[in-house]
Amino acid sequence: MKLRFRRFLPFLALLVGILPAIGCATIMRGSDQKIAFQSDPTGAAITVYDEDGMLIANGTTPITIPLKKGGGYFQAAKYRVVFEAPGRANKEIWLSGDLEGGWYIAGNLLLGGFLGWLVVDPLTGAMWNLKPSTLNARLDKAVSTAPDGGLRVVMADQVPPELLAMATPLGSSN
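Residues in the sequence shown are numbered from 0 upward in steps of one, following numbering that gives the first Met the number 0.
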């Protein structure tokens, strides 16, 4: 019996070694995705947080950062990205994952099978695709605060029209 088991040991080791790579999306797309961050003006500081508020990455635009596509078993990752620049209003953009149907469904139908569908790809997050893959934030000039953080008074013609449209005049009953 021992001799028979030893003959199959190399095959068993090979099978166990390739199990993590049996998911087609994992093989073809990987569990990370490179996201490009750009801003107008360039040189803005960016900070990337996961959906629990934990700091994931930071840098200065333009920059490309690899992010995990999965947020847990059968769960796409979600990220909050904050762009900041001196004298500009901060901008916040959310990134989230969508199902990468092609490699996950068709690839596992042909090669990975149920192990790829139900174990490997969902655990690695490779079945997701983060969107958008390029974030380009336009940072508008800040109009409500002075550089020292205090209140700044401005004339109505200095306020961008889209912000002025949202303003409520003083003395109105709204």
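Quick caveat, the hints were computed from the structure, so don't treat them as lab data. Don't take each hint at face value.
Unchecked claim - Dumping the calculated DSS-like pairs for lysine-lysine here, alpha-carbon to alpha-carbon at most 25 Å:
1) Lys-90 with Lys-140
2) Lys-67 with Lys-140
3) Lys-77 with Lys-67
4) Lys-130 with Lys-90
5) Lys-90 with Lys-67
6) Lys-140 with Lys-33
7) Lys-77 with Lys-130
8) Lys-33 with Lys-77
9) Lys-33 with Lys-67
10) Lys-90 with Lys-77
11) Lys-130 with Lys-67
Stated by the list, open to error - Here are the computed distance ranges between Cβ atoms for each label pair:
12) Pro-168 with Gly-58: 25 to 33 Å
13) Met-154 with Asp-97: 39 to 47 Å
14) Glu-161 with Gly-86: 42 to 50 Å
Every residue, glycine too, gets a C-beta built ideally from N, C-alpha and C.
Worksheet item: Taking 25 Å as the top limit, are the C-alpha atoms of Lys-33 and Lys-77 close enough?
Response: holds, 14 Å
Worksheet item: Has the given pair, Lys-33 with Lys-67, been kept, meaning a C-alpha gap of at most 25 Å?
Response: Distance ~9 Å between Lys-33 and Lys-67 Cα, so the pair holds.
Worksheet item: Between Lys-77 and Lys-67, is the straight-line Cα distance small enough, at 25 Å or below?
Response: holds, 9 Å
Worksheet item: Do the Cβ positions of Glu-161 and Gly-86 conform to the proposed distance bound of 42 to 50 Å?
Response: violated, 18 Å
Worksheet item: Taken at face value, is the distance from the CA of Lys-33 to the CA of Lys-140 at most 25 Å?
Response: violated, 29 Å
Worksheet item: Does the structure keep Lys-130 and Lys-90 at a Cα separation of 25 Å or less?
Response: The given pair, whose Cα atoms are some 17 Å apart, holds under the 25 Å limit.
Fill in: CB-CB spacing for Gly-58 and Pro-168 relative to the 25 to 33 Å hint
Violated: the Cβ-Cβ distance is about 41 Å, outside 25 to 33 Å.
Worksheet item: Does the structure keep Lys-77 and Lys-130 at a Cα separation of 25 Å or less?
Response: With Cα atoms ~10 Å apart, Lys-77 and Lys-130 stay inside 25 Å; holds.
Fill in: Pair hint outcome, Lys-90 versus Lys-67 [Cα-Cα no greater than 25 Å]
Holds, at about 22 Å.
Discussion item. Holds or violated: Lys-90 and Lys-77, Cα atoms, limit 25 Å.
Written reply: holds, 17 Å
Worksheet item: CA of Lys-90 to CA of Lys-140, is that 25 Å or under?
Response: Status holds; Cα separation ~11 Å.
Worksheet item: Does the structure keep Lys-130 and Lys-67 at a Cα separation of 25 Å or less?
Response: holds, 12 Å
In the structure shown, a violation is registered for the earlier hints numbered 2, 6, 12, 14, in ascending order.
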